[in-house]
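Residue numbers (my numbering), protein chains in the order written: chain G, 149 to 503; chain R, 4 to 621.
Keep in mind that the hints were calculated from the coordinates and are not lab data.
For each residue, glycine too, the CB sits at the ideal point set by N, CA and C.
Wrong hints could be hidden among the right ones.
Claimed, not checked - Facing chain R, a subset of chain G residues (Cβ under 8 Å, in silico):
#, residue
1, 226
2, 227
3, 232
4, 236
5, 238
6, 248
7, 251
8, 252
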Amino acid sequence: MASVTIRRLSKVFDGGVQALHELDLEVRDGELLVLLGPSGSGKTTVLRCVAGLEEPTTGDVVIGERVVTHAPPAERDVAMVFQTPALYPHLTVRDNIAFPLELRSVADAQIARRVLEAAQRLGLESVLDRLPAQLSEGQRQRAALGRAIVRGPQAFLLDEPLSRLDAPLRIELRGELLALHRALGATMIYVTHDQTEAMTMGQRIAVLHEGRLRQVGTPEDVYQRPADVHVARFIGTPGMNVLQGRGRGTGEEGRVIEAGSLIIPVELSTYEGELQLGIRPEFVGLCAVDKGVGNADVLVVEPLGSETLVHLNAGGQSLVARLPGFAEVRVGTRVGVKVDRRRLYLFDAAGAPLA
Amino acid sequence: MSSRLWAAGATAAATVAAVLVLVVVTTAQRRYERAFALRMAATTAAYVAAVTPPPPPPPSPRRVPRGRRRAAVPAPPPPPAPAPQSPAARSYDLPSLLTQAHALRTLPGWSSDVEVYFGTAPLVDATAPPLSPDDLPHLAAGGRWRDGAALVPLNDRAGQEVVGAVAVRPRPVPHGPLPGGLGFAFPAAIVAVGAAATIAFRQHSLRRGGYVGAALLLALAGYLDVWAAARQSTDRWLVDTRRLLTEAATRLPPPRARVAITDLAAMVRDGEIVVGEPAESAPRRVRIDGEQRAVVAVLIGPGRWIELRSVPAEAEAPKWLILLLPGALLGPLAIMALRWAERTPVRSRRETVMAWGFLAPAALHLLMFTVGPAIYAIYLASLANFRALVRDPLTWNSFVTSAAYALYVPISIALALAVALAVHRYRERGGWGRRLVSVAFLLPYVSSVVAIALLWQATYHAGSLGLGRPDWLSNSHTALLALMLVSIWAHVGGQMLVFLGGLDAIPQAYLDAALVDGAGAWRRFWRVTLPLLRPVTWFVFLTGVISALQMFTLVFVVTQGGPFPLHATDVVVHRIYRTAFGPQALGMASALALMLGIVLLIFRWPQLKLVRRQERHA
Ligand SMILES: Nc1ncnc2c1ncn2[C@@H]1O[C@H](COP(=O)(O)OP(=O)(O)OP(=O)(O)O)[C@@H](O)[C@H]1O
Ligand SMILES: [Mg+2]
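Okay, chain G solo, but in the shape it has when bound (with noise of 0.2 Å):
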């Protein structure tokens, strides 16, 4: 094992499109890093550049003590599981298992050997012989992760491994990962969009949006304490309010924020003009009209069993609050608005926080 480092990777493509900007990322030894981030950020990216399928433009690329960048795939030793599924179609998942140590010409005796710990593993015992058409597509996913740890590579990179599971395959197989993770003590880059999964799984998580690399912290981190406006909003079902704000310093109780049809009082000592107000949905309540900060009109109401999410329009600006249990609130009418106001978060105009 080994850890993986990026230094100033960027990576414009052919057509011009940008897609990662300065990246500087260390992943430890026997780490487990995910990367988040939403469709198109960029995530595929990084990892294809990590294993030498893309080219970086500038930056480099280190695996343990080696600086790879320029290095063919074949001499970087990681192991990738991609996002759409790569099993051989005309081989079984024996053979589909043993090619990567097929093609190092390890011997037949010890292939055999390791294929079947694989599987072991991965309980593919029954279904070796089978071809990738007739697996599940749990098997058929745990097949391609037989196919990557049968070589005991420097480092896995997992690309989304378990977005085309259904939810319930989806968390047993979060689970056998962490405990795979555990038992191998591998270094491992999983990306996902998926920021559920991502909080569960990460030991580090790397947030990543278009193309940037705004955050890498701890699930706690990234959730109490985001780096910048992308992040508030990315992390969390659903993620943080954000209105669009100007702060202004009169006002009956003191220093105010005007956003939409809500005036929140702040404890802002040193801020005038535009910024960006951040809030939790959980600490959004409702309330009779007037009696809050403002008023709103309910949009949308999604009673979720534990929980309802109402989503409200308040003078143009959208505001999710989570209410606990099933709350009686009607659409179409208007509520008053409260806020925790010890839960705001100020981000300035572009997006990075005010401290």
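Place chain R with the ligands on chain G using the hints.
Then chain R with the ligands, alone, in the frame of chain G:
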């Protein structure tokens, strides 16, 4: 549809099919019996004409007693008769005719009842109804079937005028080997219907295979019966004619003590008579010059044997399969249709029926212009033609030549694949280069074969290939090779395009995965690309071989099958073309085409399966 109703429908369908087969069998049997009777009647008429003397000359109406006729040597003029014979002189001596006719009745071993009419009057059975006066002129046009008897004209001795008639009514003989003369078809029909009924009523899910098997068995049984009837008709004629010949040998009028074979041969115009060896009296089947013949040995005098030969009717019997097979298979087809109707919801049933309605004109067209001619070709291509073909070295030469020519396909495929790989790679770098290369390779593919052929003919003749050797086309060793080169050149483009499509269809992830797993370019090609291209490769290969085996234009335009006399480029289709304009044209050409068709089918079958699998995956 309720299951009982369905079962009843299935049984009814099976019954109709069985009845249809029985009708075909009975019709065929009757046909063969009539054929026998007509043939026998004609032979009998010839016999009567041969053995009956003319009426005595009017001046001295002296009857020659029969016993003395053979020994007496008065040598009256009959054979080289004075040219202008009066109709009366050409006719027969009535008392002799009467005797001959009666003698026929008592001929031992004859399997028919015979009646001889002189004018319209019956001679054998005086109480039988006479012919109507209209009958004789009608008969002049040929024999016909009337009231269960074959009626043929009895001409006068010069064969100019109809003076009477011979009627032959075949006595019924058992048709089949089973007790009561029962054939196989009837029991088989009962079995088939029974099978259908049991399968349909006992369990709902019909094992179609079972009934198809029973139906095929029924067709086979019917065919056996028809075949037996055909064989029987030939055998009966041989046996009965043999009796007539023996009789004729003793009765032919003097002066010749030894009857001439040519005289006997005149009696059996649709048979053949040769000097023979002593043999059993039962008809046999022998091969003469590679052709099947039914023969029987006839003793015509002390130690004198002849052999009576006839084309066996059963050689023609397979044509009845054209009726028998569809008839028998109608049952399973109807059952499948019923089954389909039962399983299919009303709406899709209606839609399917409508779809077939729209397809009907096309299907009819196909039937008339493709299936019809194909069946006709099978009909034309009788076994005799096949036999002749198999013995013709040119046939084998053409198949070998075609096979050798088809060897260009693997070469062009390898080339096409290589070019496709290069273009595919190139495409990843930049756009219009690929298009340019594609066009360069496709140009020959879309050009007219004739144009290509002429172009290359000129090229080869000019010897301008830079190879210094003049004209490969007139050298027997290189002509085919030269054509193969042209074909490679012409086909690489199209094949490359198909491969390019196949390459584009391979998900990049497979190759990326191999790359990460550590495979170099060579291994990626052999272990990933090539296996994933296998269906495409098969398709290109099979299509290529099929079109190679059907190649005609190039040979027709460039070499006409030469250089001769080795027929170095005489491929099968060209041979068919040549045969079609030779002697026995159509039958031989059809047989050859059929042979090619069977070979093509061997390649077409997997190709269709491949296409179908592709469709299922898409
Ligand atoms: N080969 C390519 N050529 C040009 N642009 C590309 C190429 N591959 C990716 N891109 C662009 O780079 C950006 C990042 O793509 P990438 O595949 O890394 O996103 P992702 O985060 O993996 O998204 P997803 O979650 O949908 O897989 C996208 O805007 C994409 O359109
Ligand atoms: Mg991706």
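Which of the numbered hints are not met once you compare them with the structure shown?
Violated hints: none at all, because every hint is consistent with the structure.
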